[in-house]
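Protein sequences appear in the order of chains V and P.
For reference, each letter of the first sequence is one residue, going 679 to 800 in the numbering used here.
For reference, each letter of the second sequence is one residue, going 2 to 138 in the numbering used here.
Read the hints as simulated data drawn from the structure, not as lab findings.
Being a predicted model, the structure only gives us computed values, none of them experimental.
Each residue gets a CB set at the ideal place from its N, CA and C atoms; glycine is no exception.
Fair warning: there could be bad hints in the mix.
[To be verified] Here are the in silico distance ranges between beta carbons for each label pair:
(1) V:Ala744 / P:Met16: 35 to 41 Å
(2) V:Asn769 / P:Ala35: 38 to 44 Å
(3) P:Ser134 / V:Gly752: 38 to 44 Å
(4) P:Ala91 / V:Ile747: 26 to 32 Å
(5) V:Ile723 / P:Lys131: 48 to 54 Å
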Amino acid sequence: MTSEVQKREAQNLPRFSPSTDIIEKEDGFHIYMDMPGVTRENLSIDLQDTDLEISARPEFPRIENASNIHMEFGDCEYRRSFTISDVVDRNNIKATMKNGVLELYLPKAEKAKPRKIEIEAG
Amino acid sequence: MVIDLSSFYNVPRQMDRFFDEIWKPSMISQKRNAYPPVNISEDVSNIYVHLEMPGVQIEDVDITLSDGSLVIKGNRKHDTGNYYRQERPAGLFQRVINLNVPVDADKVKARMKDGILDIVVPKAEEAKPKKVSIEAE
Numbered sequence: 679m680t681s682e683v684q685k686r687e688a689q690n691l692p693r694f695s696p697s698t699d700i701i702e703k704e705d706g707f708h709i710y711m712d713m714p715g716v717t718r719e720n721l722s723i724d725l726q727d728t729d730l731e732i733s734a735r736p737e738f739p740r741i742e743n744a745s746n747i748h749m750e751f752g753d754c755e756y757r758r759s760f761t762i763s764d765v766v767d768r769n770n771i772k773a774t775m776k777n778g779v780l781e782l783y784l785p786k787a788e789k790a791k792p793r794k795i796e797i798e799a800g
Numbered sequence: 002m003v004i005d006l007s008s009f010y011n012v013p014r015q016m017d018r019f020f021d022e023i024w025k026p027s028m029i030s031q032k033r034n035a036y037p038p039v040n041i042s043e044d045v046s047n048i049y050v051h052l053e054m055p056g057v058q059i060e061d062v063d064i065t066l067s068d069g070s071l072v073i074k075g076n077r078k079h080d081t082g083n084y085y086r087q088e089r090p091a092g093l094f095q096r097v098i099n100l101n102v103p104v105d106a107d108k109v110k111a112r113m114k115d116g117i118l119d120i121v122v123p124k125a126e127e128a129k130p131k132k133v134s135i136e137a138e
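Excised from the complex, chain V in its bound form (with noise of 0.2 Å):
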């Protein structure tokens, strides 16, 4: 009962797609999400075969007995999903939540990595 109310709640609120950026570099891929207000206890990240799922929800300070002025931001739910593709090892996959932004790494597959061909001489 109780989790049926928290699912409808949770369905009322405003969802966010947050900023995302995606970088390649040697070793990988990192995704960086700004999701301020997330910790790592509610934040949730599922990978069924290619499909990375990140969906959290914020808790931002509130004070009792205060009025709001002027708000710009509020309670939400952050959502948004990646399709990785066969170039990343999807077991190795990293993520580490710091100061409001999560950073993803997907380490590339062994097979994808560039390999670089010895010439023999002959």
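For chain V, the structure is supplied; the task is to place chain P on it using the hints.
Below, chain P without anything else, positioned relative to chain V:
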């Protein structure tokens, strides 16, 4: 908004986004022009200012209080690499908040948690409401 029908841009997603923006709740201001987004609230003794600035280091933020306004300056740093997508704003930012009440400048407190900068500005003694007692004759 630019609608590009080539496969590079995800058109259905852009459409979704467009409609999402129309249906955003009215409580939250729709204009996201100024950066960083700020929430201001007050009670009898303090003014509370919250700013969303994920990924900003404490040492990169500069808060100054001068002449009735609170100025928050900062810098969001870039990472280097081959960018596939860049949506997170980067670079220098500044936001000025006008405080219309006299404040106690020495007791302003600020802290950063989970990408939210939390500033508490205590109101000056003279700005607080005072109870006037009526003497019975």
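Verification of the hints:
Checked against the given bound of 35 to 41 Å, the beta carbons of V:Ala744 and P:Met16, roughly 39 Å apart, stay inside it. For the hinted restraint 38 to 44 Å between V:Asn769 and P:Ala35, the CB-CB distance of approximately 43 Å keeps it satisfied. Taking the beta carbon of each, P:Ser134 and V:Gly752 are about 40 Å apart, inside 38 to 44 Å as hinted. Checked against the given bound of 26 to 32 Å, the beta carbons of P:Ala91 and V:Ile747, roughly 29 Å apart, stay inside it.
Checked against the hint of 48 to 54 Å, the C-beta distance between V:Ile723 and P:Lys131 comes to roughly 53 Å, which is consistent with it.
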